[in-house]
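Undergrad: Letter by letter, the chains look like this.
Number of protein chains: 2
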Amino acid sequence: MRVGVGILGGGTVGGTLARKLIDDQAVIAAKSGIELDLVRVAVRRLDKARSFPGDYATTDAAAVVDDPAVRLVVELMGGIEPARSLVERALSAGKPVVTANKELVAAHGPSLISKAAEHGVSLLFEAAVGGGIPLIRPLAESLAGERLTRVLGIVNGTTNYILTAMESQGRPYREVLEEAQRLGYAEADPAADVEGGDAAAKATILAGLAFGSWVEGDRVHREGITDIQAADIAFVRRLGYCVKLLAVAENTDGGVAVRVHPALVPLDHPLASVRGANNAVFVQGPAVGELFFMGPGAGGDPTATAVLGDVIDAAREVLSGTRVVPRIQFGAGRARDFAEVETQWYVRLEVVDAPGVLASIAGAFGRHGVSIKSVWQEGRGGAATLLVVTHDAAEADHRRAIEAIGGLDEVKQVAATIRVIGPDV
Amino acid sequence: MRVGVGILGGGTVGGTLARKLIDDQAVIAAKSGIELDLVRVAVRRLDKARSFPGDYATTDAAAVVDDPAVRLVVELMGGIEPARSLVERALSAGKPVVTANKELVAAHGPSLISKAAEHGVSLLFEAAVGGGIPLIRPLAESLAGERLTRVLGIVNGTTNYILTAMESQGRPYREVLEEAQRLGYAEADPAADVEGGDAAAKATILAGLAFGSWVEGDRVHREGITDIQAADIAFVRRLGYCVKLLAVAENTDGGVAVRVHPALVPLDHPLASVRGANNAVFVQGPAVGELFFMGPGAGGDPTATAVLGDVIDAAREVLSGTRVVPRIQFGAGRARDFAEVETQWYVRLEVVDAPGVLASIAGAFGRHGVSIKSVWQEGRGGAATLLVVTHDAAEADHRRAIEAIGGLDEVKQVAATIRVIGPDV
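If you read the sequences in order, they're chains A and B.
Residue numbers 1 to 425, in our numbering, belong to the letters of the first sequence in order.
Residue numbers 1 to 425, in our numbering, belong to the letters of the second sequence in order.
If you are wondering where the hints come from, they were derived from the structure by calculation, not from laboratory data.
Don't be surprised by glycine CBs; every beta carbon is placed ideally from N, CA and C.
Where hints are given, some of them may not hold.
[Stated by the list, open to error] Pairwise CB distance ranges, derived in the manner of DEER restraints:
hint, chain 1, residue 1, chain 2, residue 2, range
1, A, G94, B, A30, 25 to 35 angstroms
2, B, D66, A, T58, 50 to 60 angstroms
3, B, H391, A, E179, 33 to 43 angstroms
[To be verified] Derived, one-sided and incomplete: chain B residues facing chain A with beta-carbon distance under 7 angstroms:
hint, residue
4, E141
5, S320
6, T322
[To be verified] Keeping only pairs whose Cα atoms sit at most 20 angstroms apart, straight-line, the calculated SDA-like set for lysine to any residue is:
hint, chain 1, residue 1, chain 2, residue 2
7, A, K373, A, Q344
8, A, K115, A, E81
9, B, K48, B, G184
10, B, K115, A, S320
11, A, K115, B, G33
12, A, K48, A, A188
13, B, K412, B, T385
14, A, K115, B, S320
15, A, K115, A, G94
16, B, K115, A, G33
17, A, K373, A, A394
18, A, K373, A, R238
Excised from the complex, chain A in its bound form (with noise of 0.2 angstroms):
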């Protein structure tokens, strides 16, 4: 029960993978039937050393896909092109895919679904999301029959490394995100996973699979960290918070809304104790009630392994002839407008330290319909820092108090916003 596989990338991931297929083939035969054959690798050079032997390394990923030898595709050159050509052209010869692509599967995740579909093959995904912990299968799968209401985690392993980092060395956005990259944990340009998008596909991929319906891209609303201040993680901490990058997908009645933002969790919350490159995921519904999953966000080994789980299964699909993973059926799904959505906020606002500060902001926030839960004053003298945390309204109202709060003549500066989750979440 021989099977070839071919693999698109040899960076850490594929790396990993091809090392593994190589060495650990006697244990997963042992413990699955199944010998996994590697056949080729395609690099985008030849002259870089690999954890791997270089006569499977070639620089021709069209011709590994067409490789009659090649039975099962393992894409994870990451990036929308060429991978979704690659990946389409696998399918089409029908061939099933696995990848660990985030940003091509939010972007594509249905016609890529459909494809492989038309052709009777599967497209598997387990590691685009949360790394190591096994998330997507239970969504497809386990938890099918559910009508979820929530899904709610932090998906991206530098931004919480990066923030934890802060918070336990109270040292400054930017010198951490330099020593991060410096150990290999961020990216020399860090765009994708400071900014947001990294989180924001992952949370789209989640949603879909979730709710059964796809958000584009344009609707996901999308705030990094790159805004965060130290002096606030030190401040949110005496209010019993810590400050996480979530990534949230709700199904209400309004409509499907997927977010990703910064958020302060309390401290006794599970998120909370979600250190270093760590993910963990939340998914809720009425009749499962709360699931939790942490584990291993990234990194080529763990990654590596929900690769190769899913390789497994695509190559029991290539011996049965049957596809092995069910057709995900995508409904409409209307995305809820971001204006609509109810959280609570924390506003640190630098004002003049006069009588009176406290009522005009009150009641600035009150007359766009925001209630305030908690103030709580640092300093004296002339100027002051009051710490703000609001009861939830709609994103909207809280918008315009803020743009309000911020013409008072007695307000020197709204100096940050961040957005808070209840203990309840």
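Here the structure of chain A is known, so what remains is to put chain B in place on it, guided by the hints.
TA: Chain B only, in chain A's frame:
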């Protein structure tokens, strides 16, 4: 794409599932493309009120299995017989079977899985372990390529509910058990839960899927919570621990060890935060690192959700004519002798408060190869309580040390012994 479903067992989970199949048919069809038709439900008695219309009910379970309109069978009766015979009857007729029966799967998993494979159908049992938490599928499929080393967790909701209540309310075991029975958290006959049998069955299944070797029931070390005293729960809290009933499966060079026993868990460990009837499981392996799954461990709704996920899969199998789950291969697997397994122990000793007591106790531990990590003394004036936590040592050495200590003149009583897990697990 209609598929007829027969259910064996009309209790909490069976009733909830029947209700779901009737009420949520359209939702399930929209998400999965499959229309599930409830055909019949086998019950023990017809004169009991059910959550589904009475005309579905029959007392003839074999007739449900044999009904040509029933294309897949859901076994929710529990116990070994007649469940085993009925499951075999269905598999032999080429009907896939979904079961939540941990006792049956633990005792006869490999032979039932073989029989299913023989007839080209699947036996699915996601709900047998961890209620609504997807665990079986990740272990059997997503992590199929990983050499897992350890699975450890809280897999019995009843005992966790009791231990949580004993801790938070400072009440004795017997009293809390009786309350749990009144509230429906514990059975009228609680033996299977409180004596560890239920957890042991689940541990066997988890170990079998994680390591590919099925450990015979009599090789699973099993201790329940019936001897846990409120006093120890209070004492260990001051030492920074809580008490949990743990299922532990380890794959070492010396073989596979599966055990269920109460253990002290550090208060800052994620398992310490698992309260009430929740379940949580850690899965560890060299590549994947550490994965953590948490959710509702029991209850009609979460369990029925897990069953429904399997039912949708089984229906896909019926429609495609090809098995949806991989044939799991079980090796011979050497069971490791529990006497060799190394753990730490917490020991509470009632001693005479005289000079030299600690020296003779330390001497007795040391003569049996057990070294002491910490000692805490309570009380003064004639009698004292010593709380001892040891370093890792083999089970057999610990037992011999405790026997020797029990025989010392200065020791009035070995009042409690509970194993301890370290902060690294």
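Undergrad: Confirm or reject each hint.
TA: Outcome of the hint check:
1. A hinted range of 25 to 35 angstroms holds for the C-beta pair A/G94 and B/A30, which are about 28 angstroms apart.
2. Between B/D66 and A/T58 the C-beta distance comes to about 57 angstroms, which sits within the given range of 50 to 60 angstroms.
3. For the pair B/H391 and A/E179, the supplied restraint of 33 to 43 angstroms holds, since their beta-carbon distance comes to about 37 angstroms.
4. Hint status for B/E141: holds, given a least beta-carbon distance of 6 angstroms to chain A, under 7 angstroms.
5. Proximity of B/S320 to chain A holds as hinted, the smallest CB-CB distance being about 5 angstroms (cut-off 7 angstroms).
6. Taking 7 angstroms as the C-beta cut-off, the interface hint given for B/T322 holds, the closest approach to chain A being about 4 angstroms.
7. As the CA atoms of A/K373 and A/Q344 are separated by approximately 9 angstroms, the hinted pair is consistent with the 20 angstroms bound.
8. Taking the CA atoms of A/K115 and A/E81, the gap is about 17 angstroms. The hint holds against a cut of 20 angstroms.
9. With a CA separation close to 18 angstroms, the supplied pair B/K48 and B/G184 stays within the 20 angstroms bound.
10. Between B/K115 and A/S320, the direct Cα distance comes to roughly 18 angstroms. Compliance with the 20 angstroms bound is thereby established for this hinted pair.
11. Note on A/K115 and B/G33: the hinted pairing holds, with a Cα-Cα distance of about 17 angstroms set against a maximum of 20 angstroms.
12. Between A/K48 and A/A188 the alpha-carbon distance is near 18 angstroms, which keeps this suggested pair within the 20 angstroms criterion.
13. Taken as a hint, the B/K412 and B/T385 pair is honoured in the structure, with Cα atoms around 10 angstroms apart against an allowance of 20 angstroms.
14. Our distance criterion of 20 angstroms between C-alpha atoms is met by A/K115 and B/S320, whose separation comes to about 18 angstroms.
15. Taking the CA atoms of A/K115 and A/G94, the gap is near 10 angstroms; set against the 20 angstroms cutoff, the hint holds.
16. Restraint check: the Cα-Cα separation between B/K115 and A/G33 comes to about 17 angstroms, which is no more than 20 angstroms; the hinted pair holds.
17. Note on A/K373 and A/A394: the hinted pairing holds, with a Cα-Cα distance of about 15 angstroms set against a maximum of 20 angstroms.
18. Between A/K373 and A/R238, the direct Cα distance comes to roughly 16 angstroms. Compliance with the 20 angstroms bound is thereby established for this hinted pair.
Of the numbered hints given earlier, the model fails none.
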